[in-house]
Structure formats: C-alpha cells, structure tokens
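Peer 1: Residue numbers (numbering that gives the first Met the number 0), protein chains in the order written: chain A, 0 to 160; chain B, 0 to 147.
Don't read these hints as lab results, they were simulated from the structure. Keep in mind that the hints are not guaranteed to be accurate.
Straight-line distance between alpha carbons at most 20 Å, and here's what the computed SDA-like set of lysine to any residue pairs gives [to be verified]:
no., chain 1, residue 1, chain 2, residue 2
1, B, Lys134, A, Leu154
2, B, Lys54, A, Ser148
3, B, Lys37, A, Leu145
4, B, Lys37, A, Leu154
5, B, Lys134, B, Arg49
6, B, Lys54, A, Arg60
7, B, Lys122, A, Asp149
Examples of chain A residues lying across from chain B (beta carbon under 10 Å, computed) [stated by the list, open to error]:
no., residue
8, Met22
9, Leu37
10, Ala106
11, Ser148
12, Gly150
13, Pro151
14, Gly156
Glycine included, C-beta positions come from ideal geometry on N, C-alpha and C.
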Amino acid sequence: MTSCPRFAPLLGARPGELSSSEMRALEAHLATCERCRLAAADLAVTDGLVRDGLIQKANARDFAPFVDEVMARIAGAGPARHLPAVAPAARGLRAWLAGHRRAVATALAPVLAAAALIVYVRQQGQRPGQVAMLELASEGDVTMVLQTSDGPVVLLGEERT
Amino acid sequence: MSRRFLARAGAAAFLALAVLAGPVVASAGVPVGIRVIKGSRQGPAEVDPRLDDLKRQLSPLAYVRWELVRSEKLDLERGKTEFVPLPGGDSVGVTMQEQRGDVVTFEVSLTSRNTESRLTVEKGQRIVHQVTPEKGGEALFVTVQAWP
Chain A
0 MTSCPRFAPL LGARPGELSS SEMRALEAHL ATCERCRLAA ADLAVTDGLV
50 RDGLIQKANA RDFAPFVDEV MARIAGAGPA RHLPAVAPAA RGLRAWLAGH
100 RRAVATALAP VLAAAALIVY VRQQGQRPGQ VAMLELASEG DVTMVLQTSD
150 GPVVLLGEER T
Chain B
0 MSRRFLARAG AAAFLALAVL AGPVVASAGV PVGIRVIKGS RQGPAEVDPR
50 LDDLKRQLSP LAYVRWELVR SEKLDLERGK TEFVPLPGGD SVGVTMQEQR
100 GDVVTFEVSL TSRNTESRLT VEKGQRIVHQ VTPEKGGEAL FVTVQAWP
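Here chain B stands alone, though its shape is the one from the complex (with noise of 0.2 Å):
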C-alpha cells in the first residue's frame, strides 16, 4: 500500500515537474540568426533584397552597396561559442552570455583584432558589428538577432 502510494506519488511529481519546468529547460538555447554582409562604398547603391530590414539600421553608414555574404541560424546555448567563418579565413566568435525574458547579452569577439564587444539588444532588434576593417572601399559586418 504505501509502496504504491509513493510510487503514484513520485510519478505525480515527475509530471508536475515536467509540465512546470518544461518552459524553463526549453528556454536554455536562445536562436539565433547570423548574417555575414559586406559594404561597399563603390558602385550604385543597391541593398540586398534579403537585407531590407537592415536598410534603417544601415543607413548612417558611408557604405552604400550591401550585399549578403553568408547566413546561417543557430541555436546558442548560453556561455557556448559559436564561430561563424569570414571570407579570408578569419572567423568571428559568438556568445550568449545571458537570457533574461526577450532580453538576451551577446559578446562578439574578433581574436585578429583582440577585440570584443558585449551588447545587449531585446527581442526584435539586431546587432551590426564590423568584423574586419575597411579594405578598399569595402568592409565586412556580422548582423546578430536573437529569435529571428
């Protein structure tokens, strides 16, 4: 009798768990969406139609010609870094280093440059950061977007 009722009860409790701490294990990865782009102060303005919702962010830049080099989605765990390959070899590390509601911290690290930068944005905004300096006229950015 009381062998069964700690078993209903264990099997009770496994189900309360699941169901209560369910949103909060599901909530441990955050996606990500990263998208190499290059500026280009040369040529006609022209944006990449897949980076219109850029255009409002890009716009202060002296680059006119966007284009989009590389894309990819991800799912960060927090404190894991990702690496996203540059043309040229080079490669920009990325971090989440915090989740708080829609809310999210990434650190973006360039290890050619010994840099790194920790931005904070809140769900619906992106990060541009230049990953390599400007070379010709032309220069590469990485777009970070939680829940994209």
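Next up, chain A with everything else stripped away, as it sits in the complex (with noise of 0.2 Å):
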C-alpha cells in the first residue's frame, strides 16, 4: 500500500512505454493491491472509450471524394510514365507543351507570321538592279528625260498654244 503512489504514474502506460522491469514490478504489485488494481481497471475502460470514440468518428467522415480527387491526379500524370528515357528537363518541357498545345500554338503563329512576313519584305528589297524605271504621261507636250548616274532629269517640252 505504502508503494502506491510509485505505481500509479505507470497505471496508463500504453503497452511499449514501460521497461521489462518496471512492467515486472507492476504487475508484482498489482498481484498484492486491489485498489491499484481496481483503478488499472478503469484507466483501462476509459481508454477503450475513447478509442472506440474515435474510430467511429473517423468513420463517420466520408473520404471518397479525397480517394476520386488523388485517383485523378494520379492518371492525369500517367502520360509522363511513357515517355522515352530523355534527360528530366526535356521529358518536363515535352510533358508541358504537350499539356498546353492550344496555348503554345496561339502564342507562336502571329510570331511565325511575323517573321514571314520580315523575310518576304526583306527578299523584295534585295532585288538586284537598280535602273531608273520612268513612266511619263503627257498630253500635248513633248517630255525629254536625261538619264544620270544621279537620277533622271525630266524636262518639259514647249507649251504648244
């Protein structure tokens, strides 16, 4: 009796918590005092209350929503799987513009016609020959142009009355 308040920390220790030793001396003083005993008792209905309790509170909760939701996540990354074996940043480029063909087209076709059109305009403004090309139109009077290395020389003719 005298040893009680010794053993009586240990009376809610969950099993593991206690050394061969100690669990040896509790049981051996348990053998011997019934109030110990009795109070063991109701440690240990009260723990079983409590997970019981608990269990059907975490059952109450419905997680399927949760299990559809990683399922998904799960078979939407299921593509990267059969990929060819490339280096890690080249699989996670192709994975995205896969992901995202819509966005990268909408963002690379103004560009492309962009450039098309930069090419053609340059192409045009190489074409060789620089001759003066000269279209005159003129009514009544004669027009004499003059060609120069400096550019053409147009000349009116004389006012006919």
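Combine the two chains into a complex, taking the hints into account.
Peer 2: Below is the structure:
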C-alpha cells in the first residue's frame, strides 16, 4: 500500500512504454494491491471508450471524394511515365508542351507570321538592278528625260498654244 | 494556371511581334527632301552653294544660274500625295508609289500641264523635274530625294 504512489503513474502506460523491469514490478504490485487493480481497470475502460469514440468519428467522415481526387491526379500524370528515356528537363518541357498545345500554337502563330513577313519584305528589298524606271504621261507636250548616274532629269517641252 | 499561362503567352507573342515587326512598321514612311530650284539662262554662271550636290546632274542643261527657292523635308507615306507650292500659285504633287528596300518610286504630277511622271530611283539618287515651262529664260524645277 505504501508503494502505491510509486506505481500510480505507470497504471495508464501504453504497451511498450514501460521497460521489462517496470512491467514486472507493476505486475507484482497489482497482484498484492486491490486498490491499484481497480484503478488500472477503470483506466482501461476509459481508454477503450475514447478509442472507440475516435474510430466512430473517423468512420463518419466520407473519404470518397478525397480518394477520387488523388486517383484523378495520378491518372493525369500517367502519360509522363510512357515518355522515352530523356533528360528530366527535356521530358518536363515536352510534357508541358503536350499539355498546352493550344496555348503554344496561339503564341507561336503571330510570331511565325511576323517572321515570314519580314523575310518576304527583305527578299523584295534585295532585288538586284537599280535602273531607273520611267513612266511619263503628258498631254500634248513633248517630255524629255536625261538619264544621269545621280538620277533622272525630266524636261518639259514647249507649251503648245 | 491555364489562364495565367495564356496571359504570359499573349504577352510574349506581343513582345515578339513588336520586336520583329518594328522595322516593317517603321519603314511605312519614307523621309523625302524636296527642293524647288530656279534655273536661268542669263546672268553669270553660278550655282547656289546649297545646290552643290546637284551640280553634276544640272550641268548638261542649258541653264547657267541656279538658285534655291524652297526646301522642305517630308515623311511621305505610300499613296499619300504631298503638294509643294510653287512661286506664282501653282503646285506640284509628289506621291510615293512604292518602296522596296533602298529603291523607291515617286510620282510627280503637274496638274497645270496634265503631266504625270513615275520615276524610280535608289537611295543616293534624286529626281530633277522641270515643273514650269521656260519664260524669259527662266524655269522652275523640283528635286526629290529619298533619305536625304
């Protein structure tokens, strides 16, 4: 009876919390002390009630949507597993591009169009031959053009009266 | 995620367009120097110092005295006609018809004479166009030069 205060803290111990010597000492004390046996029984009942209550609470929660969400994510990441063995960065880029085809096409279309336009304009601008081209339309007057290396000189004829 | 990506892609495309298409947009107008000059048969042979660059082009003509009457610089847009006033109230219409690289085609129109000249020159060349008939041994000319 005088050793009860020593064993009281050990009564509610979980399996594995006590050393073998502590367990043996506790069992020896419980065998001789009825008061501590009753206290240990009360603790066991309380502990069981709490555990059952927690389990019931957990069972009341519906985990189905959470499971569906996880499975959907796993399925979405699936194709990446079938990619050929390439560098991680390249594989990631390819997977990203595959997942954003429309966005990539939307971004690239105007850029390619602008590049094509610039190539066209530059090709047109690099046409060889700079010979001055002259087209003259004059009503009733004779117009004369002198070709010089600095450019054409257009001379008007005499006005007819 | 997707909306943010589209916004980024749009911004990237806009920047690329701005960088790539910038030179094309910038080349829509061509800076043009237009001068009205007067040639005279009489008087001492003299060329206005401001017309020194024209000496070689003007030398074959019978006019010996040249002076600058008016000078202006314009930014000619394709197909848009700019009118240059002449002494006496008349005017000359100058239109850029086409520009490909360093080659540009101008149209010079003289409404008073129903005359239109379409002339193609390259960078560094200039057009010298008589715009009034000779009177009293004098005549007016217009010179047009792209990228003066």
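Peer 1: The structure should be examined with respect to each hint, and the outcome stated for every one.
Peer 2: Against the structure, the hints:
Taken as a hint, the Lys134/B and Leu154/A pair is honoured in the structure, with Cα atoms around 14 Å apart against an allowance of 20 Å. Proposed proximity of Lys54/B and Ser148/A is supported: the alpha carbons are some 12 Å apart, at most 20 Å. In summary, the hint linking Lys37/B to Leu145/A is supported, as the alpha carbons are separated by about 18 Å, within the 20 Å threshold. Note on Lys37/B and Leu154/A: the hinted pairing holds, with a Cα-Cα distance of about 13 Å set against a maximum of 20 Å.
A hinted pair counts as satisfied when its Cα atoms are at most 20 Å apart, and Lys134/B with Arg49/B does not qualify at roughly 24 Å. This hinted pair does not check out: Lys54/B and Arg60/A have alpha carbons roughly 99 Å apart, beyond 20 Å. Between the alpha carbons of Lys122/B and Asp149/A the distance comes to roughly 10 Å, so the proposed pair stays at or under 20 Å and holds. Annotation: Met22/A was flagged as interfacial toward chain B, and the flag is violated, the nearest CB pair being 57 Å apart, outside 10 Å.
Hint status for Leu37/A relative to chain B: violated, with the closest Cβ pair at about 62 Å, above 10 Å. Interface restraint check: Ala106/A against chain B, minimum CB-CB distance 4 Å, threshold 10 Å, status holds. Satisfaction of the interface hint for Ser148/A is found here, the shortest Cβ-Cβ separation to chain B being roughly 8 Å, below the 10 Å cut-off. Satisfaction of the interface hint for Gly150/A is found here, the shortest Cβ-Cβ separation to chain B being roughly 4 Å, below the 10 Å cut-off.
The closest approach between the C-beta of Pro151/A and any C-beta of chain B is roughly 6 Å, which is under the 10 Å cut-off, so the hint is satisfied. Of the supplied interface hints, the one on Gly156/A holds, with its beta-carbon coming within about 8 Å of a beta-carbon of chain B, less than 10 Å.
Hints 5, 6, 8, 9, counting from the list given before, are not met by this structure.
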